[in-house]
Amino acid sequence: MKKHFTTTLVLIIFSVAGCLGQLPPTLNSYADSIYATDGYLYVTYTANDTGTIRAQIQLEQGTGNVTYDSVYTLSADSSYAALHITPMYSCTNYNLLFNLSNAHAYGAVINPLFSFKTDCSADIAATSPANFYVAGNGGTVELYSRDLPENTHAEIFDLTGRLVAAVSITQQIQQLQLNRANGIYLLRVVAGSQTLYVSKVALF
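Here the working numbering runs 231 ahead of the position in the sequence shown, where the first position is 1.
Please keep in mind that the hints were generated in silico from the structure rather than gathered at the bench.
All of these numbers come straight from a predicted model, not from anything done at the bench.
Where a beta carbon is used, it is the ideal one built from N, C-alpha and C, also for glycine.
Among the hints, a few may not be true.
Estimated spans, in silico, between C-beta atoms of each pair [said to hold, decoys possible]:
#: 1; residue 1: 304; residue 2: 413; range: 16 to 24 Å
#: 2; residue 1: 308; residue 2: 261; range: 17 to 25 Å
#: 3; residue 1: 282; residue 2: 375; range: 33 to 41 Å
#: 4; residue 1: 309; residue 2: 369; range: 36 to 44 Å
Cut-off 20 Å, straight-line C-alpha distance, at most; resulting in silico cross-link-like pairs (EDC-like, lysine to aspartate or glutamate) [to be verified]:
#: 5; residue 1: 348; residue 2: 263
#: 6; residue 1: 431; residue 2: 389
#: 7; residue 1: 348; residue 2: 269
Construct all of the structure, not just a fragment, from the sequences and the given hints.
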């Protein structure tokens, strides 16, 4: 009995020590795409434990005035993510604060990671959501649209923010081949720097 208790105690000590010894994930590099009312932060990272990674983005307007605060769940099995930031105000200055953590350790907030100004270009003529309809059909997303500006394209993201498909919209019924697992995805239609339409689409 005493031997069993000692073995259990040793295992608990090593387990606790292992958790205490974990390090937060490491941000290796980043890039950004900023538009008028939304944007993307593309990050590469190194995970330092198994399971999931938490990425936190905060936007400041002025000192300490946080206007956006969101946490994204990433995979420890991956090393890349595209994090969608929305909504933002056009023609506005922001500081972006960033943090990575895991179940055992929290990294220091990078304050700020970078500063930027959202696009100030004139808005594209208003495009009604009624001009769009989207449906999932097996591994294909079908987008029905009309009256769109030239050079409009569609992007599909999974729920971690990873871009999984993109296509120029050249016809009223446009197909995007995903060949991905069933689930919920995010569709974004963009013309220039303006987001025209955002919708969730389910594949079954």
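>> For a quick check of understanding: which of the numbered hints are violated here, in increasing order?
In response: When the structure is compared with the hints, only number 4 turns out to be violated.
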